[in-house]
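Asks: 0 is the number of the first residue of the sequence shown in numbering that gives the first Met the number 0; add one for each residue after it.
Since the hints were derived computationally from the structure, they do not count as laboratory data. The C-beta atom is built at its ideal place from N, Cα and C for all residues, glycine as well. Take the hints with a grain of salt, since some may be wrong.
[Stated by the list, open to error] What follows is a list of derived Cβ distance ranges for each label pair:
(1) Glu40 with Arg212: 27 to 35 Å
(2) Trp21 with Phe69: 22 to 30 Å
(3) Ser190 with Val78: 31 to 39 Å
(4) Pro133 with Gly71: 18 to 26 Å
(5) Gly71 with Ala24: 20 to 28 Å
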Amino acid sequence: MAAPTDPFVVVQDRAQPRLPVWVRAVIVLCCLVQALILAAELLGYPIVRQAALFLGGFWSPVVWAGQGIFPGHLLTMFVTYGFLHAGLLHLGMNMLSLVAIARELHRLIGARRMAVVYAVSQVAAALLFAVMTPDGGPMIGASGAIFGLAGALIGFAAMTGWRRKRPLGQLWRGVAVMVVLNVALTVLMPSIAWEAHLGGALAGLLLGAGMARGRSPRPSAF
0 MAAPTDPFVV VQDRAQPRLP VWVRAVIVLC CLVQALILAA ELLGYPIVRQ
50 AALFLGGFWS PVVWAGQGIF PGHLLTMFVT YGFLHAGLLH LGMNMLSLVA
100 IARELHRLIG ARRMAVVYAV SQVAAALLFA VMTPDGGPMI GASGAIFGLA
150 GALIGFAAMT GWRRKRPLGQ LWRGVAVMVV LNVALTVLMP SIAWEAHLGG
200 ALAGLLLGAG MARGRSPRPS AF
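Let the sequences and hints guide you as you build the complete structure.
Replies: So this is what it looks like as structure tokens:
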């Protein structure tokens, strides 16, 4: 017979859900990349950051040209740009946002589908950036993918609330917070690629709504 579950432990786990392994891996890799670049600069090798931006950042002209400076560059930059950050402030803001949003979204759609949202949103963010700023680059950071997770959270909540005929006031507050955050980041950091934020958020919104639509609604309690 299995031992009875400790109610306190169950409540605690639900209140503070663990991050999926892939989210932890993303955080570790982003921090490691930033640490290596900072270490190289302290040792007198600023060229390392320049090379990282040149080879790993996202460049819109590469998309429109259909080729980069090395074989596969057109494809690899869609991945690598999300692990590069402009500094500790940029990195810290993104990683804290990732932790907060991932914990909530993990409750709703699980680790695997959340990973799909993250990957698709990162690509969508870069594509919209390329369309809206054809000469832009280098664009770096995990913000586009993170806004995708936020969009998925809102989309999932919106579709679920609509299907269960619940008021959506809290949802619109979430949308307002995301818009205000994006505007604030753009004002505080003029070099922020808001186009990528928009692309990621729209992709996540559609994916989140689609995932909620695919679920059978649970009966409401009376």
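Asks: Now look at each hint and say whether the structure bears it out.
Replies: Hint-by-hint comparison with the structure:
no. : hint                          : result
1   : Glu40 with Arg212: 27 to 35 Å : violated (48 Å)
2   : Trp21 with Phe69: 22 to 30 Å  : holds (27 Å)
3   : Ser190 with Val78: 31 to 39 Å : violated (22 Å)
4   : Pro133 with Gly71: 18 to 26 Å : holds (22 Å)
5   : Gly71 with Ala24: 20 to 28 Å  : holds (22 Å)
Violated hints, listed in ascending order, are 1 and 3; each of the other numbered hints is respected by the structure.
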